[in-house]
Amino acid sequence: MASQYELSRIMRPDDANIVGNVHGGTILKMIEEAGCIIGTRHCNTQSGDRCLAALARVERTDFLHPMFIGEVAHVSAEITYTSKHSVEVQVNVLAENIVTGAKKVTNKATLWYVPISLQNVDKIIEVPPIEYSSPEREEAGKKRYEAQKLERLEDKVRNGEIIMSVSLPEPFTVVCSQSSLIHLVGPSDCTLHGFVHGGVTMKLMDEVAGIVAARHCKTNIVTASVDAINFHRKIKKGCVITVSGRMTFTSNKSMEIEVFVDADPLVEAEKGKYRAVTAFFTYISLDKENKPLPVPPLKLEGEEEQKRFEEGKARYLQNKAKRLADKERQQ
Amino acid sequence: MASQYELSRIMRPDDANIVGNVHGGTILKMIEEAGCIIGTRHCNTQSGDRCLAALARVERTDFLHPMFIGEVAHVSAEITYTSKHSVEVQVNVLAENIVTGAKKVTNKATLWYVPISLQNVDKIIEVPPIEYSSPEREEAGKKRYEAQKLERLEDKVRNGEIIMSVSLPEPFTVVCSQSSLIHLVGPSDCTLHGFVHGGVTMKLMDEVAGIVAARHCKTNIVTASVDAINFHRKIKKGCVITVSGRMTFTSNKSMEIEVFVDADPLVEAEKGKYRAVTAFFTYISLDKENKPLPVPPLKLEGEEEQKRFEEGKARYLQNKAKRLADKERQQ
Amino acid sequence: MASQYELSRIMRPDDANIVGNVHGGTILKMIEEAGCIIGTRHCNTQSGDRCLAALARVERTDFLHPMFIGEVAHVSAEITYTSKHSVEVQVNVLAENIVTGAKKVTNKATLWYVPISLQNVDKIIEVPPIEYSSPEREEAGKKRYEAQKLERLEDKVRNGEIIMSVSLPEPFTVVCSQSSLIHLVGPSDCTLHGFVHGGVTMKLMDEVAGIVAARHCKTNIVTASVDAINFHRKIKKGCVITVSGRMTFTSNKSMEIEVFVDADPLVEAEKGKYRAVTAFFTYISLDKENKPLPVPPLKLEGEEEQKRFEEGKARYLQNKAKRLADKERQQ
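Protein chains in written order, with the UniProt record's numbering: chain C, 1 to 331; chain S, 1 to 331; chain G, 1 to 331.
Treat the hints as calculated values from the structure; they're not laboratory data.
Watch out, some of these pointers could steer you wrong.
[What the hints assert, rightly or not] Taking beta-carbon pairs under 10 Å as the criterion, some of the chain S residues facing chain G (in silico):
id, residue
1, 34
2, 96
3, 151
4, 186
5, 187
Where is the CB? At the ideal position from N, CA and C, for every residue including glycine.
Work out the full structure, taking the sequences as your base and the hints as a guide.
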C-alpha cells in the first residue's frame with residue numbers, strides 16, 4: 001500500500017548514552033525520517049508540481065520503554081488523514097531484541113506535514129485525498145486536524161509576543177560574534193580507554209572558532225593556522241564539553257579567535273568542571289575565487305578586550321616575522 | 001619501517017562547509033588520528049604494560065592551501081624523536097585531486113604523545129628509543145623536546161592563574177543546569193532542497209534537554225515525553241542553529257525542560273536571527289536497574305521562574321489526568 | 001514471517017560521490033546489516049546458547065543501476081537455505097524515487113553467515129533448520145551451499161603472499177593508481193561483541209577500489225560488481241585496518257581492482273598483522289548522462305602484473321559468458 005512505510009535499523013553505540021539507553025533524539029529523528037518519506041511519496045502521487053513534505057507539527061510523544069544498543073528499531077508510518085494542504089502521519093516504533101526475540105512498543109507519534117513545491121519553496125501545493133476505511137475514521141481525523149490547527153495558531157500568536165527580546169549586540173564587537181557549544185562525549189569520540197581523542201577536541205574547537213569568524217565577517221572563512229595547543233588534562237567519556245570562542249584580534253586580512261574547552265564530568269559531580277584546553281585559531285575570509293578578503297576591524301569595548309587585542313597583535317607580528325625569516329633562510 | 005604510517009581518505013560533504021572547503025577541524029582530526037596510531041604502535045613494541053599514546057601537545061600548525069570535497073587527503077606520520085616519556089610525531093598532509101592528478105601539501109604538523117598504561121591510566125610508561133639516521137638529527141630532536149617542555153610548563157603555570165573565575169551557580173537552580181549549543185547546519189542535516197530535516201532539529205533539542213536534565217540530577221536520565229512541537233519557520237542550509245534549554249518544572253519523579261531553537265543565517269545577515277522552534281521535554285532519572293529515581297526539586301529564583309514553574313505544573317497535572325482518563329477508558 | 005526482514009533509508013550526501021551517485025560500499029553495508037539482523041534473529045529462535053551471525057562469505061554481487069542522493073533504498077532479506085552451521089541469506093535492493101515514484105532493482109546479493117556463541121566467540125553453534133516451500137528449493141540450496149564451501153576452502157589456500165612497494169608512477173600503470181587507506185576501528189563499526197561488521201569492511205574496500213578507479217581514468221566512476229568475498233578471520237575492536245587496492249585488469253569499458261584488508265591489533269602487537277579479507281571489484285566510468293565511457297588500457301610492468309591481468313581477463317570472460325547464458329535462459 002502506498003500509504004504505509006517501514007524503516008528499521010540496528011541501534012549502535014553512537015545512538016545511545018554511556019549506560020546503553022538509546023537517546024530519545026535518535027528515535028525522534030527516525031520517526032521524522034519515516035514521516036517525511038511517506039508524506040513526500042503520497043503528495044507526489046498526482047500530476048502537477050513535484051513537492052517535498054515539510055514537517056509542520058509533532059503531537060505530544062511518549063517514550064513508553066527504554067531502547068538499548070544492539071536492539072533493532074522498527075519504525076512504521078501510515079497516513080491517517082489528509083486535509084487540503086496537510087497530511088497526518090501516524091508512526092509506531094517497536095524495539096526488537098534479535099537475540100531473545102523480545103519486542104516492545106516504545107513510541108506512538110503523530111506528525112503533520114505540508115507539501116512544499118520544488119519549483120517555488122514558498123508555495124504550498126494541494127494534497128491528494130486518501131480513502132478511509134469508514135466515515136467514522138474520516139470524521140475522527142477531521143477533529144484531530146481542527147484541534148491541531150487551533151493549537152498551531154495559538155502557538156504562533158504566543159510566540160509572536162515573546163519574540164526574542166535579546167538585546168542585539170553592536171556589530172563587529174567581541175560580544176557580537178562570541179559563541180559556545182556543548183557536546184556530550186559519545187563512544188566514537190573516545191579511545192578504547194574511554195578518553196576523548198585529542199583530534200575530536202580540536203575539531204570542536206575549530207568548529208566554534210569558525211562560527212565566531214563567520215559571525216564577524218559574514219563570508220566564507222577558512223582556518224589559516226592554529227597556535228600550539230597543550231592538553232594538560234584528559235577528558236573522560238560521559239563528560240559534557242563546553243567549547244567557547246571569542247575574537248581577540250583582527251589584522252587587515254586575518255582574525256584571531258581564542259577558544260576554551262571546559263569539561264564537566266556530570267555524574268561524578270564532585271570532581272567539578274575544569275578547563276581542559278585553550279588555543280588560538282587564525283582565520284581568513286575568502287571570496288568566491290578563494291582569494292583573501294579584507295576583514296572588518298574588531299570594535300573593542302573595555303580594557304580587558306584592549307589588552308587581549310594587544311597580546312594578539314604581538315603574536316601576529318611575531319608569526320609574521322618568523323615567516324619572513326623562514327622565507328629568507330630558504331632563499 | 002614501524003615508525004612510519006600513512007592514512008588517507010576521500011573528503012565528503014560533511015567534512016566541508018557549504019562552499020566545499022574542507023574544515024580545518026576535519027584535517028586536525030585526521031592528523032591526530034595518524035599520530036595516535038603511530039605513537040600507540042611504537043610504544044607497544046616492547047614487553048611490559050600495554051599502553052595508549054595520549055596527545056600532550058600540538059605545535060603551531062599552518063593551513064597552507066584549502067582542501068576541497070572529493071579530494072583525497074593523504075596523512076603521513078613519522079616518529080622523529082623519543083624522550084624517556086614522550087614521542088614526537090611529524091605529520092604531513094597532502095591533498096590529491098584524483099581527477100586532475102594535482103597534489104599539494106596542505107599541512108605540516110608536530111605532535112607530542114605520552115604513553116599511558118592500560119592497566120593504570122594514571123601511570124606513564126617508558127618509551128622505547130628510536131634509531132636516528134645521524135647524531136645531528138637526534139640533537140635537533142632533543143632541542144625541540146626541551147623547547148616544548150618549557151612552553152608546556154609555562155602554559156601550565158599561566159593556566160593555573162587564570163583558571164575559570166566563573167562564579168559557580170547554586171546547585172538545583174535554573175541557572176545551574178541551563179545549557180545551549182550551536183550547530184552549523186551541514187549537508188547531511190538537510191533535504192535535497194537545502195532545508196534542515198525536522199528530525200535533525202528534534203535530535204539536537206533532545207540532546208540539549210538531556211544535558212540540562214543530567215546537570216540537574218547527575219544520574220542516568222532518559223526522555224519520557226515531548227510535548228507537541230510546531231515548526232513555524234524552515235531552517236536553511238548554512239545557518240547556525242542555537243539550541244538552548246532551561247528547566248521549568250520538577251515533580252517527584254520528572255523534570256520538564258523548555259528548549260528553544262534559534263536560527264542565524266550568518267551570510268545572509270540582513271535576514272536576522274529568528275526563533276524557529278520551541279518545545280517542552282520531560283525527562284526521568286533512572287538507577288542501574290532502569291527504575292525511576294526521585295528528582296531533586298528545582299530551586300526557584302525570581303517571579304519569572306516561579307510563573308514558569310506553575311505553568312509547568314499545570315501541564316504536568318493535565319497530562320497526568322489525561323493518562324488516567326485514557327487508562328480508565330481502556331479498562 | 002520470521003525469516004524475512006526489510007530495512008530502508010533515504011540516501012544522504014555522505015552516502016554518495018560528488019556527482020550524486022551512491023557509493024557501492026554504502027549499499028554493501030546496508031545489505032550486510034539486513035543479513036546480519038535476519039541471520040542473528042533466526043539462529044536465536046531455538047533454546048541454547050545465544051548467538052550472533054558473523055559474515056562468512058558474500059557471493060558475487062552486481063550493481064544493476066546507479067542509485068542517487070534523495071532516493072530511498074529498500075533492502076529486503078530472506079533466509080533461503082540453512083546447513084548445520086551456516087545460513088544463506090538472499091538480499092534484494094530497490095531504489096525508490098519518492099518524488100517521481102520510479103522504482104528499480106539495483107542489487108541482488110547472497111550472503112553466508114555462521115552463528116557464533118555469545119558465551120564463547122570461538123564456538124560455532126548449530127543452526128535451526130528452515131522449512132522449504134518445495135523439495136526442489138531445498139535441493140537447489142544444498143547445491144549452492146556445496147559450491148560456496150568448496151570455493152571458500154580454495155580461497156583460504158590461495159591467500160597469502162604479496163604487499164605493495166610504491167615508487168614514482170607512469171600514468172595508467174598499476175603503481176600509478178594503487179591506493180591504500182587506514183581506519184582505526186571505532187565502537188560504531190562493531191557488533192555488541194566487539195567485532196567489525198562485515199558491511200563496514202566492505203564499505204572501506206569499495207572506497208579504496210573507487211579511488212584506484214578514479215585515479216586511473218579521472219572520471220566519474222561507479223561500482224559495477226563485486227566478486228565473491230570470503231571473511232576468513234574476524235577483526236576486533238581497537239585494530240587498525242589497512243585497506244589496499246591495485247588495478248589488475250581493464251577491458252574496453254571496465255576496470256577490475258583487487259582489494260586487500262589487513263588487520264593490525266596495535267596494542268596486542270604480539271599477535272601481529274594478518275590478512276583478513278581480499279576481493280575483486282569491477283568499476284565502470286560514466287559521463288555526465290550516466291552513460292559508460294571507454295577506459296584507458298592498463299599499462300603492465302613485469303611478469304607478475306601480466307599474470308594478474310590474464311587472470312583478471314579470465315574472470316571477465318567467464319562473467320560475460322555467464323551473463324549471456326543467464327540472459328538466454330530467461331528468454
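Now for the hints, and whether the structure bears them out:
1. 34: holds (8 Å)
2. 96: holds (8 Å)
3. 151: Constraint on residue 151 (chain S) not satisfied, violated at 29 Å.
4. 186: At about 9 Å, which falls below the 10 Å cut-off, the nearest Cβ of chain G leaves the hint on residue 186 (chain S) intact, so it holds.
5. 187: Residue 187 (chain S) check passes; min Cβ-Cβ to chain G is 4 Å, inside 10 Å.
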